[in-house]
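Q: So you can see what is in the structure, the chains are spelled out below.
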Amino acid sequence: MKTEVLPFPARRDSPAIDQVGVEERAQRFCARSLKKETKMSALKLAVTMLDVTTLEGADSVGKVRQMCQKAMRPLPGDPSVGPAAAVCVYPRMVKTAVKAVEGSKVRVAAVATQFPSGQMRLKERLGEVKYAVGEGADEIDMVISRGQFLQGEYRAIYDEVAACKEACGEARLKVILETGELTTYDNVRFASDMSMAAGADFIKTSTGKVPIAATLPVTLVMLQAIEDFYERTGRMVGMKPAGGISNAKLALQYLVMVREVLGPKWLTNDWFRFGASSLTNDLLMQIRKQETGRYQSGDYFSQD
Amino acid sequence: MSNLGIPKTYKLFIGGKFPRTESGRILKVRGPKGEFLANASRASRKDFRNSVVAARRASGGWAKSTAYLKGQILYRIAEILDGRTDQFVNELVAHGLPENKARAEVAEAVDLLVHYAGWSDKYQALFSTVNPVASSHFNFSSPEPSGVVVIVSPTRGSLPELVSVIAPAMVGGNAVVVLAGENALTAISFAEVLATSDVPAGVVNILTGHRDELVPEFAKHMDVNAMLLCSDDAEERQGVELEAVENLKRVALQPDRPLSPSPYHILDFQEIKTTWHPVGV
Numbered sequence: 001m002k003t004e005v006l007p008f009p010a011r012r013d014s015p016a017i018d019q020v021g022v023e024e025r026a027q028r029f030c031a032r033s034l035k036k037e038t039k040m041s042a043l044k045l046a047v048t049m050l051d052v053t054t055l056e057g058a059d060s061v062g063k064v065r066q067m068c069q070k071a072m073r074p075l076p077g078d079p080s081v082g083p084a085a086a087v088c089v090y091p092r093m094v095k096t097a098v099k100a101v102e103g104s105k106v107r108v109a110a111v112a113t114q115f116p117s118g119q120m121r122l123k124e125r126l127g128e129v130k131y132a133v134g135e136g137a138d139e140i141d142m143v144i145s146r147g148q149f150l151q152g153e154y155r156a157i158y159d160e161v162a163a164c165k166e167a168c169g170e171a172r173l174k175v176i177l178e179t180g181e182l183t184t185y186d187n188v189r190f191a192s193d194m195s196m197a198a199g200a201d202f203i204k205t206s207t208g209k210v211p212i213a214a215t216l217p218v219t220l221v222m223l224q225a226i227e228d229f230y231e232r233t234g235r236m237v238g239m240k241p242a243g244g245i246s247n248a249k250l251a252l253q254y255l256v257m258v259r260e261v262l263g264p265k266w267l268t269n270d271w272f273r274f275g276a277s278s279l280t281n282d283l284l285m286q287i288r289k290q291e292t293g294r295y296q297s298g299d300y301f302s303q304d
Numbered sequence: 001m002s003n004l005g006i007p008k009t010y011k012l013f014i015g016g017k018f019p020r021t022e023s024g025r026i027l028k029v030r031g032p033k034g035e036f037l038a039n040a041s042r043a044s045r046k047d048f049r050n051s052v053v054a055a056r057r058a059s060g061g062w063a064k065s066t067a068y069l070k071g072q073i074l075y076r077i078a079e080i081l082d083g084r085t086d087q088f089v090n091e092l093v094a095h096g097l098p099e100n101k102a103r104a105e106v107a108e109a110v111d112l113l114v115h116y117a118g119w120s121d122k123y124q125a126l127f128s129t130v131n132p133v134a135s136s137h138f139n140f141s142s143p144e145p146s147g148v149v150v151i152v153s154p155t156r157g158s159l160p161e162l163v164s165v166i167a168p169a170m171v172g173g174n175a176v177v178v179l180a181g182e183n184a185l186t187a188i189s190f191a192e193v194l195a196t197s198d199v200p201a202g203v204v205n206i207l208t209g210h211r212d213e214l215v216p217e218f219a220k221h222m223d224v225n226a227m228l229l230c231s232d233d234a235e236e237r238q239g240v241e242l243e244a245v246e247n248l249k250r251v252a253l254q255p256d257r258p259l260s261p262s263p264y265h266i267l268d269f270q271e272i273k274t275t276w277h278p279v280g281v
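Here the protein sequences line up with chains E and X, keeping their order. Taken in order, the first sequence gives residues 1 to 304; the numbers are from our numbering. Taken in order, the second sequence gives residues 1 to 281; the numbers are from our numbering.
These are computed hints drawn from the structure, not numbers from a lab. Even glycine gets a Cβ: it sits at the ideal position worked out from N, Cα and C. There may be inaccurate statements among the hints.
A short, non-exhaustive set of chain E residues, derived as facing chain X with CB atoms under 10 Å [as the list claims (entries may be wrong)]:
{"id": "1", "residue": "Arg-12"}
{"id": "2", "residue": "Ser-41"}
{"id": "3", "residue": "Thr-215"}
{"id": "4", "residue": "Lys-265"}
{"id": "5", "residue": "Leu-267"}
{"id": "6", "residue": "Lys-289"}
{"id": "7", "residue": "Thr-292"}
{"id": "8", "residue": "Gly-293"}
{"id": "9", "residue": "Tyr-295"}
{"id": "10", "residue": "Gly-298"}
{"id": "11", "residue": "Tyr-300"}
{"id": "12", "residue": "Asp-304"}
Taking CB as the label site, the calculated pair distances span [as the list claims (entries may be wrong)]:
{"id": "13", "chain 1": "X", "residue 1": "Lys-33", "chain 2": "E", "residue 2": "Asp-18", "range": "56 to 64 Å"}
{"id": "14", "chain 1": "E", "residue 1": "Pro-211", "chain 2": "X", "residue 2": "Lys-8", "range": "34 to 42 Å"}
{"id": "15", "chain 1": "E", "residue 1": "Ala-16", "chain 2": "X", "residue 2": "Gly-24", "range": "38 to 46 Å"}
{"id": "16", "chain 1": "X", "residue 1": "Leu-248", "chain 2": "E", "residue 2": "Glu-37", "range": "50 to 58 Å"}
{"id": "17", "chain 1": "E", "residue 1": "Met-236", "chain 2": "X", "residue 2": "Asp-198", "range": "30 to 38 Å"}
{"id": "18", "chain 1": "X", "residue 1": "Leu-248", "chain 2": "E", "residue 2": "Gln-69", "range": "23 to 31 Å"}
{"id": "19", "chain 1": "E", "residue 1": "Leu-267", "chain 2": "X", "residue 2": "Leu-253", "range": "34 to 42 Å"}
All chains should be modelled from the sequences, with the hints used to inform the complete structure.
A: Take a look at the structure:
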């Protein structure tokens, strides 16, 4: 996919964010009630939007293979559930994952560019991207240099995103803003605008490695940035909230928000993803609950 | 009975907190002559689900805590309950009980707690065995907690009834969710005692509500390990046993009255684990 890189945007062109307004509007999405068939279809849709993730020092080949099986067939015996959108792993595990998901619709995403801190020279970080793509990754999740952003070196962020996009080649690029470290919604909005101009295919909230991860308001700010970018340029950009979305109820609130801000076009796994590790089982347990009328137990679902 | 001049709000007891029911429904509690006493919460199945989540979270830590600590905490509940005797007596009198009977009920509840506090480090010795086996193994069996136990208290729900069903499951290292009987006020006041007695949050959760609505949910829940039903209704008993089959819950059926103090009520919610330990030839 060829993506046009737009010029570096001025910070003053990003609108200021009304913190109270955004938080109240996000809160209002939580009041929607999804029941019965609607709930069931939303739960199944959420499963297909999962980036099933393992990013631990303890990841082993066996664990990654196991996770890939789960991504391909989340609920064994029920082919109407899943498959998940992708598995998300460290670059060293890409080859294992690619082999494990071969022949399925599940894509392989790799985190790169010195995930999660991004504290390394650009040259090595780009090398990591190229290595992951060379191993067969379909998608790259990069982190931006938050330290440089907070120092005001915005141009450096724009340049590193553009350089990563180029290094990705055919792979789709997700840009992790790590919103928990950007401190204000204004920063989040500008970082989103800049990443999209530099060629991001997806913008993503968090690494999942800092205490403040995805929240509804911060996701709303990013969705609005995507909406404005789409109006201005006609290019769709995807959204991936990640970290802290651990239960099905919350996941459905995100879907409601995407539907109401960006519309039904974004409600596919080409344009919306959940980055999560524990959300999968809660979605599956809710699906089983809808089918059987019994509240479920984690004892009956695989843990990895 | 109160200086506030406003009837007290009786809420649920879930995970160490006192939330209102998520459904917003109420149970009107009335005295013997039909006079209004209070609005208690009428728990929904979602409240029950939340209670099981809280109990599951608490069960691991409670099961691992030492027998000594569990005994101390049960004894502490007895102390705090004893100190609040007058409050309970007032509530029971409002419910139509003569004062001397009300005092006797509170005293009985305190005695029950002390009784089970004493068992906390003794029932293991009583129910463990060393088993003779025909190989060079040291083979022994000992009781371990079941996990999350749901309890349907006797219908009336007097204080001794409530304590007689909670204490044995609790002292055995289980986290419990209890559906109180008709006497909702006593049950929630007892929850206030629990909340101030060093009982870890979630180890005991108390719901008030309609029995016919909640009992089937108790029996169906997959994340519940065992269930105690105090009932004389053959149909209700059969319904629970049928629903409990799905995840093979252990079901204990008891008559609709207080359980007499006995370590065998502790054993009802224990799993027996047998260990084969090789010994030198």
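Q: Hint by hint, which ones does the structure fall short of?
A: The structure conflicts with hints 1, 2, 3, 4, 5, 12, 16, 17, 19, although it agrees with all the remaining ones.
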